[in-house]
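Position chain B against the provided structure of chain A, taking the given hints into account.
Note that the protein sequences, when read in sequence, are chains A and B. The number in the working numbering is simply the position in the first sequence, starting from 1, with 3 added. The number in the working numbering is simply the position in the second sequence, starting from 1, with 2 added.
If you're looking for bench data, these hints aren't it; they were derived computationally from the structure. Note that CB positions come from ideal geometry on N, CA and C, so glycine has one too. Hints are not guaranteed to be accurate.
[Stated by the list, open to error] If you want the footprint, here are the derived chain B segments under chain A, 3+ residues with CB under 8 angstroms:
hint, stretch
1, 10-22
2, 160-166
3, 217-226
4, 229-238
[What the hints assert, rightly or not] A short, non-exhaustive set of chain A residues, derived as facing chain B with CB atoms under 10 angstroms:
hint, residue
5, E281
6, K282
7, A285
8, V327
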Amino acid sequence: MTRKENQAARARAHFPAFDLPAPSPTHAADALTPFHQLIKRLSETYGPSGSEEAVRELARAEIKGLADQIRVDAFGNLIALRKGAGNRRKKIMVTAPLDEPGVMVTFLDARGFARFGMLGAVKPLTLPGARCQFENGVIGVFGRETRGAADTEKDADAFFLDVGATSAQDAPVRIGDAACLVGEFRAAGNLLCGKALSGRARGAILIETLRRLKRATHDVYCVFTVQSQVGARGAGAAAFALQPDYAFVLDATPAQDFPGGDTNLALGKGPAILAQDEKMIASAAARQVLLEATRQTQTPYQIQAHARGGGEGAPIQAAREGTVTGALGLPVRYLHTQSEMVDARDVANIIEILTSVFAAKTL
Amino acid sequence: MPTLTDTLAKLSAAPGVSGHENAVRALLVREFQKLADTVEITPLGSVIGILRAQTTRGPRAARPKSSAAPRLLVEAHMDQIGLIVTDIQDGFIRFEEIGYWDSRVLPSQNVLVHGKKTLPGVIGARPPHVLAAAERKRPLALAELFIDLGLSDARARELVSVGDVITLDRALLSLQNEMVASQALDNRAGLAALLEFLRHMQDTPRAWDIYAVANVNEEDSPLYVGAQTAAYAIQPHIAICLDVTHARQVGLSDDALPEAGQGPGIARGANVHPFVFDKLRQAARRRALPHQITVYGSDTETNAWIMQVTGDGIPTGLVEIPLRYMHSAVETIALSDIARAAELLQEFAAQLNADDARALRGETFVRAPARRARAKRRR
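Bound conformation, chain A alone (with noise of 0.2 angstroms):
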């Protein structure tokens, strides 16, 4: 092999996608299969953390038919149950999100700037430039003061959004007002990218989960959870209302496969068990389950056992007399931006692993 084709070749092992010829957006739409279009229209969704209802009624549409009961709680949360058919079948709880990481407006100053606070983990180093959309649609341009400009990269007070207003009246948002990021939904390939995509690929994987399971031995409950962006508020709630024997949490794992990323997960290489998290250890019998699932699917997995990132496990964990819980990590580059960045390969075998769980014999 000569340099030039050597060069070529680790080229192509490490970014497999962008040797497909670039698709015009258009076209790239239509190739999408229905699933890949389903995560799209989560993705492009409007739900930061506390305001969810549009993304919960496109899930609750989309569940219609696929669950014996639907409801939600007081919190905001859409449980979904599927009735098990076996003799001895276990109460399962798995978790996905609704929300997105975004800002909410904290101060209109007179010239009709926002300042805002975060919900969720954003980076502000991630904001200058971006932009964010309102609930009534109105754009937000984030800017960052430029007086003492070295010292700001990573304080959120220098930051503010342009909302092309001229004072605090004429402003279109109010204080409260929460936006989320804006990211328009691409794919290439394997991987596709978009804004709150982490989780509303989660939220497909429930959704496409239910539609592809034939016959559940264990009773199901699919829960859709509110408020995970802001320290998983959502998830104790429903787990200590619904008491299940096994909870399964879908989290997102950072995958630091790029150029000195300091960790060794990667997309494409099958979901993470986590061993724990920030906040939790992971129940060693519900990281049995999911390890037995993966032998009866022979799918790829990778295991997460950095203390990093705390996901909806540790309240479900502590619900109660406790509840055995797990969690199989969706990898995501570029976590908590406008370009999270998901392999559908992973998605694909993350169903593959929940419906194997959902109809294993015993647990």
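Structure of chain B alone, referenced to chain A:
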């Protein structure tokens, strides 16, 4: 009767990193089965040993299977801080910490990697000769450390997986003057006191049911998920936490700290119910047990902190074994403090009566008579 040293040596040799407590739990289940009427395990793996109330000295069979007696929960956490495999590079193990470590104590430790087999290993680092001057002045970062198992990359990958846990390989060492040192004496010292307490209670008359609990997941998170869920399941009238606390030592001579060997600490502060504190101190005085008062403005950083606000709220107390060199490989305690903590709890449990439970449930407060008065008027 096993000696305290035997018990402690066995307990500290059984691995039980937070969330991975299987080995130490198995040992505790066996011990609890000898000492309690019923043994239960919570969904998360905490072990509960129930010893029913018994008003006379008599055979165990005479006790009722269930009872309406008030419940005393006495708990100690069974887990220990540890390490977890995050990557395998050329046969060397990279790792992260579970629990709050001082990573400066890690280089040069012998370890056990709990993979498909338990494998001995050493934590290595670059030798001082090759370090730049600036590097020699700072402690090694976790990312610079690795574990050498003596294995090839292929063999290491065969035997060890990402997510396996690692403990220090450090057996119990008997020092002079009835003091012992080992890894994990936080909180195997508390567990030893719990078992000793259960032994004492075998033939001690008591009006309350005793729930001895060995909890999982204390070291790994600020959530204290093991203690919270077990306390929720039991809903006790009083909960006592048995844990270790910083003892006075070289470089840490704060007068407020207890001294190892001078008796267990009885904690006082916002985390401790005044009724429980008073009863504990009375018990110590009645038996003339050496004890020390430890004071906490708010958070005691023990399971007592979460148990206090579990369910309807639980009157909580804290009994502490003073320990030097917390979260190191040579945690050091005095055996006499364990023995006295067990005696203290025995005296405490023996003196609790039905009136105490009523007092704690607020029935002697003004509100209750008022309600009765209203009811009378209605009649």
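Against the structure, the hints:
1. 10-22: With 3 residues in contact (Cβ-Cβ under 8 angstroms with chain A), the coverage given for the stretch 10-22 of chain B holds.
2. 160-166: holds (count 3)
3. 217-226: This one holds; 4 residues, not fewer than the three required, reach chain A with a Cβ under 8 angstroms.
4. 229-238: holds (count 5)
5. E281: holds (8 angstroms)
6. K282: Where the cut-off is 10 angstroms and the nearest Cβ of chain B is about 6 angstroms from K282/A, the hint holds.
7. A285: holds (7 angstroms)
8. V327: holds (5 angstroms)
Violation of the numbered hints given earlier is absent; every hint is satisfied by the structure.
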